[in-house]
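**Q** Dock chain B against chain A, hints included.
Just so you know, the sequences run in chain order A and B.
The opening position of the first sequence corresponds to residue 117 in my numbering, with each subsequent residue numbered one higher.
The opening position of the second sequence corresponds to residue 117 in my numbering, with each subsequent residue numbered one higher.
No lab work stands behind these hints, which were simulated from the structure alone.
One should not assume that every hint holds.
[As the list claims (entries may be wrong)] Straight line, CA to CA, 30 Å or less: simulated BS3-like cross-link-like pairs of lysine-lysine:
1) A:486 / B:228
2) B:220 / B:398
3) A:220 / B:470
4) A:228 / B:454
5) A:209 / B:479
6) B:228 / A:419
7) A:447 / A:431
[As the list claims (entries may be wrong)] FRET-style restraints, in silico, Cβ to Cβ:
8) B:487 / A:339: 50 to 56 Å
9) B:431 / A:151: 49 to 55 Å
10) B:253 / A:457: 46 to 52 Å
[Stated by the list, open to error] Sample of chain A residues at the chain B side, in silico, Cβ under 7 Å:
11) 278
12) 281
13) 294
14) 296
15) 302
16) 323
Yeah, the Cβ is synthetic: ideal placement off N, Cα and C, and Gly gets one too.
2 protein chains.
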Amino acid sequence: MRKTRMMKKKEKKIENKMSKVVKQIKETAQNIYQGILKKKQPELQSPIRGLSNVTYNEKDGYFELKGSMKTRTLTASSVKTFAQTLKMMNLSKNLIESEDIATKREAYYVSKNWGEARFMSQPDSDTVMDDVEAMFMVNREQLGFIPEEKGGDIAGRLVVVDKNPDTGKEVRIDCTKFGSGAYSIPSSVEELKFETDAKFILAIETAGMFQRLVKHNYWKKANCILISMGGVPTRACRRFIRRLSDDKKLPVYVFVDGDPYGIGSIYRTLKVGSGNAAHINKFFCVPRARYLGITPQDIIDYKLPTHPLKDVDIKKIKDLLKNDPFIKHHKEWQKALKLLQTMKVRCEQQALAKWGLNYVIDKYLPQKMKNPDKFLP
Amino acid sequence: MRKTRMMKKKEKKIENKMSKVVKQIKETAQNIYQGILKKKQPELQSPIRGLSNVTYNEKDGYFELKGSMKTRTLTASSVKTFAQTLKMMNLSKNLIESEDIATKREAYYVSKNWGEARFMSQPDSDTVMDDVEAMFMVNREQLGFIPEEKGGDIAGRLVVVDKNPDTGKEVRIDCTKFGSGAYSIPSSVEELKFETDAKFILAIETAGMFQRLVKHNYWKKANCILISMGGVPTRACRRFIRRLSDDKKLPVYVFVDGDPYGIGSIYRTLKVGSGNAAHINKFFCVPRARYLGITPQDIIDYKLPTHPLKDVDIKKIKDLLKNDPFIKHHKEWQKALKLLQTMKVRCEQQALAKWGLNYVIDKYLPQKMKNPDKFLP
Chain A
117 MRKTRMMKKK
127 EKKIENKMSK
137 VVKQIKETAQ
147 NIYQGILKKK
157 QPELQSPIRG
167 LSNVTYNEKD
177 GYFELKGSMK
187 TRTLTASSVK
197 TFAQTLKMMN
207 LSKNLIESED
217 IATKREAYYV
227 SKNWGEARFM
237 SQPDSDTVMD
247 DVEAMFMVNR
257 EQLGFIPEEK
267 GGDIAGRLVV
277 VDKNPDTGKE
287 VRIDCTKFGS
297 GAYSIPSSVE
307 ELKFETDAKF
317 ILAIETAGMF
327 QRLVKHNYWK
337 KANCILISMG
347 GVPTRACRRF
357 IRRLSDDKKL
367 PVYVFVDGDP
377 YGIGSIYRTL
387 KVGSGNAAHI
397 NKFFCVPRAR
407 YLGITPQDII
417 DYKLPTHPLK
427 DVDIKKIKDL
437 LKNDPFIKHH
447 KEWQKALKLL
457 QTMKVRCEQQ
467 ALAKWGLNYV
477 IDKYLPQKMK
487 NPDKFLP
Chain B
117 MRKTRMMKKK
127 EKKIENKMSK
137 VVKQIKETAQ
147 NIYQGILKKK
157 QPELQSPIRG
167 LSNVTYNEKD
177 GYFELKGSMK
187 TRTLTASSVK
197 TFAQTLKMMN
207 LSKNLIESED
217 IATKREAYYV
227 SKNWGEARFM
237 SQPDSDTVMD
247 DVEAMFMVNR
257 EQLGFIPEEK
267 GGDIAGRLVV
277 VDKNPDTGKE
287 VRIDCTKFGS
297 GAYSIPSSVE
307 ELKFETDAKF
317 ILAIETAGMF
327 QRLVKHNYWK
337 KANCILISMG
347 GVPTRACRRF
357 IRRLSDDKKL
367 PVYVFVDGDP
377 YGIGSIYRTL
387 KVGSGNAAHI
397 NKFFCVPRAR
407 YLGITPQDII
417 DYKLPTHPLK
427 DVDIKKIKDL
437 LKNDPFIKHH
447 KEWQKALKLL
457 QTMKVRCEQQ
467 ALAKWGLNYV
477 IDKYLPQKMK
487 NPDKFLP
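Chain A with its partners taken away, still in its complex shape (with noise of 0.2 Å):
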């Protein structure tokens, strides 16, 4: 009973983040039609984006905008443009209304429709929707736009509380019945509900080691949550995975290469976020999220063959030591990327088959899962 009340208030809640946002927009329309009526030149508001309007904030862990705003005044010479956010606010407000969706390359053709106001690229489009989006300080799967790709696998403990698209009944997905196959993370979470008794997220970097742990059911024994993330996670991927660590305070462990490109990109981007989309970033990073990939002093304890460090590897450390505020916050990063750039080398998560196919699972995860506050931050 209790559940049940619980569920229905996060319905609410969801319910009422939708409509604030149509209800955000009705109102910023209806300013610029009452400022027409009383002969008022209509103007637009969005925050700067861009490192200058940023700040590091530790205490939340992202890159945060300082509050700049531009203002876009409605001038013969951005009639255009003007014209394009309107439409481009009102499309949203449909998509809303009607609980559909479309990507960004559908709402450019979409806008095929609108006259004098089309776009004439995607790139244009894209923009107007990255100041929508800015406007509202929402991320644009709230405002019911859709990334062009999906990408993220779950395996384990966790059921996926989602509803039927045709009756919007309740479906519960229980990710620890798929055998050697995944539930694949829909392009929008926003919705999403969570039940798990697990005690931590494993977010993997490749597919072929995500594929290993579902094999062996480490999931299982470990009592977690597998997350594939193919690389660099996408939009759908991280916002999932902040939305499940928020909503049940899990652990988030990053198991990547030891590499400028695993640590600098993978793991840094889904921790913090990343320096020119710093608007959406409080929606995306993941704070709960420490590093469990292979470390410097790894390939050393663990004797792992390595691969020599590429040029653009060299310059990463470098780039990461000298400019990453994040980086630049966490001495044992400094300490770790100079460890890396000493010994020139670096390391993939595979190089642990050197002893043995389940190596993996049967001695370096467990070992490691023994000191989760030995991680890197």
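**A** Chain B only, in chain A's frame:
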């Protein structure tokens, strides 16, 4: 009762297939061993791979090996590769017997414990694996080797019958019950079984279009199985479609962009395979595939927005017309590609959104599905 017996028979068949490979491996190794005892120079035979040793088999519908063989004799200069080939065969035997799996990359790292026979780089180990695959005339998934990358999502009228990796007990995965999510195809699909009363399989190029058809339960209206390929389909995805379409005698309709890439790379590869992997085409091609993508005629009939052909597109069309055995075999495809060439445009599947986001569901697909006979071959 009858079904159970049939299913047992099928399981038997799969087991036989696997143990047949083990038997072949043992025989080959035995022959070499016996040869050595008799002081004969050991040799291994495998088919020559490449277009020179390939015919286009019209009836079966894929590029087929003609049968030329190369023989690798054990000499001073080939001793290392020879040893590596035998070690790789041994790894495969162990994988099959222990029902385990390994990626190409893992196999490379396993070799790091082979002493002098270890590989110095992964391309070397990949080549030896390809040789072993060709030697036994199977796809490498049957040898226990799985692809690095996953890919391919399923929703709709299909029950996949898999096994619990732990207990070996049957697991039934109902692809109608994933809400807005989907079933993600595992890396190896050799042992899956299927139950369905669907009328056809719809294989879709983009994740965005797939998500739309899932969101609006298109599979329920059309009584079909939806598969998201996400660009050029992975090995697992191709093999899944092939096994499902063979097993259930289902036509496969391929819904891709109307451009040389969608036609010549995605559709052509799915249907007949590729030139440089001819020894495995027979396992991966989908002869039942028909083209339901945007045709040049659709662009005219539906007044669809287009993009100009890029240089790479123009080059690709010329190349397809001149060199591709599949295109050269089908006049209808030559006609369609020449029309595209004359129109100088390409068209994405999302272009249908010009007429409304769900025009594709309400009009385009139903109209097309009235005449599957007219689909391009």
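**Q** Please go over all the hints and tell whether each is borne out by the structure.
**A** Tested hints:
Restraint check for residue 486 of chain A and residue 228 of chain B: satisfied, since their Cα atoms lie roughly 28 Å apart, inside the 30 Å limit. Taken as a hint, the residue 220 of chain B and residue 398 of chain B pair is honoured in the structure, with Cα atoms around 21 Å apart against an allowance of 30 Å. Note on residue 220 of chain A and residue 470 of chain B: the hinted pairing holds, with a Cα-Cα distance of about 13 Å set against a maximum of 30 Å. Taking the CA atoms of residue 228 of chain A and residue 454 of chain B, the gap is about 27 Å. The hint holds against a cut of 30 Å.
The straight-line distance between the Cα atoms of residue 209 of chain A and residue 479 of chain B is roughly 24 Å, inside the 30 Å bound, and the hint therefore holds. Among the hinted pairs, residue 228 of chain B with residue 419 of chain A is consistent with the structure: their alpha-carbon atoms are about 11 Å apart, no more than 30 Å. Between residue 447 of chain A and residue 431 of chain A the alpha-carbon distance is near 19 Å, which keeps this suggested pair within the 30 Å criterion. Hint check: residue 487 of chain B to residue 339 of chain A, Cβ distance near 54 Å, so the stated range 50 to 56 Å holds.
For residue 431 of chain B and residue 151 of chain A, the Cβ-Cβ distance of about 53 Å falls inside the hinted range of 49 to 55 Å, so the restraint holds. One distance hint, 46 to 52 Å for the beta-carbon pair residue 253 of chain B and residue 457 of chain A, holds here, with the actual separation near 48 Å. The interface hint given for residue 278 of chain A is met, as the beta carbon of that residue sits about 3 Å from the closest beta carbon of chain B, less than 7 Å. Taken as an interface hint, residue 281 of chain A checks out: its beta carbon lies about 5 Å from the nearest beta carbon of chain B, inside 7 Å.
For residue 294 of chain A, the suggested interface contact is upheld, since its CB lies about 6 Å from the closest CB of chain B, less than 7 Å. At a threshold of 7 Å, the smallest CB-CB gap from residue 296 of chain A to chain B is about 4 Å, leaving the interface hint in force. Hint on residue 302 of chain A holds. Least Cβ distance to chain B is approximately 4 Å, under the 7 Å limit. The interface hint given for residue 323 of chain A is met, as the beta carbon of that residue sits about 4 Å from the closest beta carbon of chain B, less than 7 Å.
In the structure shown, no violation is registered for any of the earlier numbered hints.
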